[in-house]
Amino acid sequence: MSSKNLIQIDHDACIFCRKCVRACPVSALKAEDRKIVVTEDCNLCTMCIGACPVGAIRMQRPTGKKAGGSIWVFVQCEDGHPLSVSLELIGRARELADGNGGEVIALVMEDGNPQFLQELIAHGADCVLCCSSRGSTGRQQVPESNVGIDRPQVAGEDFGNDRNQAAGADIASDPEAVALWVCELIKKREPDILLFGATLFGREVAPAVAARIGTGLTADCTGLELDPESGLLLQTRPAFGGNLMATIMCPDHRPQMATVRAGVFPVGSSDPDRKGIVETVPFPEAFRPRRITEKLSGEQTDGYDITAMEKLVVVGRGIGSKKNLPLMREFARKIGAGLGCSRPLVEAGWCEYSHQVGQTGHSVAPKLLISVGVSGAVQHLAGIAGAEKIIAINNDEKAPIFRVADYAVVGDCIEIIKAFLEQ
Amino acid sequence: MKILVCVKAVPSSTEVRFDPVTHTIIRDGKQAVINPFDASALECAVQIRQARGAEENQDARESETTQSGPEARVTVLSMGIPDTVRLLRDCLARGADDALLLSDRAFAGADTLATSYSLACAIRKIGLPDLIICGKMAVDGDTAQIGPELAAALDIPAVTGVKQIVEVSEDVVTVLRESDSGDERVTVLRKNAVACGGETVKKPKPVLLTVAREAASPRMPSIAGIRAAKEKNIPIYTAADIDADPERTGLKGSPTQVVRTFSPEKKKECVMIGGSVAEQAAAIGRILQEEL
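In order, the protein sequences belong to chains A and B. For the first sequence, our numbering assigns the number 1 to the initial residue and increments by one for each residue that follows. For the second sequence, our numbering assigns the number 424 to the initial residue and increments by one for each residue that follows.
Honestly, I wouldn't trust all of these hints.
Said to hold, decoys possible - Straight-line distance between alpha carbons at most 35 angstroms, and here's what the computed DSBU-like set of lysine-lysine pairs gives:
id	chain 1	residue 1	chain 2	residue 2
1	B	K548	B	K626
2	B	K548	A	K389
3	B	K626	A	K367
Claimed, not checked - Derived Cβ-Cβ restraints for the label pairs, each shown as a range:
id	chain 1	residue 1	chain 2	residue 2	range
4	A	G349	B	C693	30 to 36 angstroms
5	B	Q473	A	A348	25 to 31 angstroms
6	B	Q470	A	G349	50 to 56 angstroms
Simulated from the structure, these hints should not be mistaken for laboratory data. Note that the Cβ used here is the ideal one computed from N, Cα and C, for glycine as well.
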């Protein structure tokens, strides 16, 4: 399939303004003989479509394979509880499945406790596939009923099978093992869609699955819809530090895979009477874990975790001098906030890297962020996109930081903070 | 020990600007730089080589023999337009021993699956190293997928988001990394039993790491390094050179397609806080109380 055929130009509508030619980052559009021509260099970035003032450029939607079928959600657990993002995804998957008549299946690595598996069903899963590290299998209806479905075997004793016992609980936190188990299931049951939370773990496991299966994967999505025409999954994600949104499809490969950012979808309502099936699936083969993990208590760095703060003061070059840092610390302490900084301050040696906010530092999502003397480069804005409310103080009213602020304070940040501390 | 570092050319940070009317990217292809995470990956590799070199010298002094010691070699691999050679030369000046570029029309328009497939083909072609280090993500794409997808394509273990490389040996690779529940120490066992002609032999397996910027701060290239880098030959491989299946590279080999790009809606209304400094400070106090 040639890319140039997917971009279609309506020559009757085209006013030959050539804005598309200038917008094309790979110079794939040529103005020839008063006609715009798409060449083989086109990489389908769709910049031309946005640039066209008369809507004369269209992209032919891929038709793809027939859609419908099951939506799988990988459920990540911590301390025996599913993460909120996993429940959010089950809720969203339920909404999508209700639209196309599909089913929602939750994948769980931990040998389950019934309470928490029930929770997944209550939130919208039709079936929970639970990994058993010891080779037991079975199906059970939840909430329990007397309908004749095989009860699951109690894991362990009956089997005398120790092939994976060394792995035990390690398997659930070993990305290689999880990927192996998920790949095995995909090959047998061919899901249509597979979703992971865009956590550090999800973003380690999902690519390992996608590459082994040979399918597409969209990172860190903030939107999931089904295309009304084709039934395909429309995966929307921020690109270029959040300045541009891109909608991505995976027409010809299955499953359509995405990692999805936490907090995008609400945790839906739960119905404790909802019925579903819990199925235990054995781990596929004698897996020798190669990865040994020890938790550290955080003394390795200076232990400062700005990502966990509810209130955060973020300072930038606008504070003028390193001498003003103690003032900012005092301000942060007074309002009970953490202190973060923009990249130039780390590069100048004023602050530790652990305090750096932004694309190359830490992404933060506090309830309230007070930005002091930060101009707001694209990369910085990408790191604070998760903040609920932003107060920005800067002397330049045109600073990009004000574009994302809820409250804009234009003025000398040092004077304003001093006045705040005096009142 | 062979160490391979994967790098990507990205637009330099100041060059990502948007046309306010059309919302399209204003790009100036000349200003590409090495992805900063990849620069840290290269520095990690060079530091490992230097540490091993120092050990070797010490061993040689102590034993007074000239055995072939644990010498390390750092190779840099990139995929991109031919101009990327300029950045690879910069990598050589910063301490890499060799560099290799994949450049071919057939690679263009690749998503993460096609890119990791192409890189895997090249790595198989030149021979699997002991250690592969990548930046944890690229600042233009932000997917953080190439590292783990490349590891899966090569069927080797990967550890992502490494903050510090603690140990690299024939037996283990030990790192500190950030996990969803705090920092952890991860040890990957390199030796596992491999059946070979009925016998069980132990063969060390490569490990792939993706590193955060705190793993190492990139050094500046030295004058001598820049001079030496000028002389080096940087081979450019095509898809045919690395025996890549043309159906699996570039746009053809990419399952994902961008069907639309648009600028995000402005998320909210902004309230201007005016007045004197004292009034502004008082207003901030009120907002703090209201919002929490």
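The hints, checked one at a time:
For the hint linking K548 of chain B to K626 of chain B, the alpha-carbon distance of about 19 angstroms falls within 35 angstroms, and the restraint holds. For a cut-off of 35 angstroms, the pair hint linking K548 of chain B to K389 of chain A is broken: about 52 angstroms separates their Cα positions. The straight-line distance between the Cα atoms of K626 of chain B and K367 of chain A is roughly 51 angstroms, outside the 35 angstroms bound, and the hint therefore fails. Checked against the hint of 30 to 36 angstroms, the pair G349 of chain A and C693 of chain B passes, with Cβ atoms roughly 33 angstroms apart.
Here the CB-CB span from Q473 of chain B to A348 of chain A is close to 27 angstroms, well matched to the stated 25 to 31 angstroms. Taken as a hint, the range 50 to 56 angstroms is violated for the pair Q470 of chain B and G349 of chain A, whose Cβ atoms sit roughly 20 angstroms apart.
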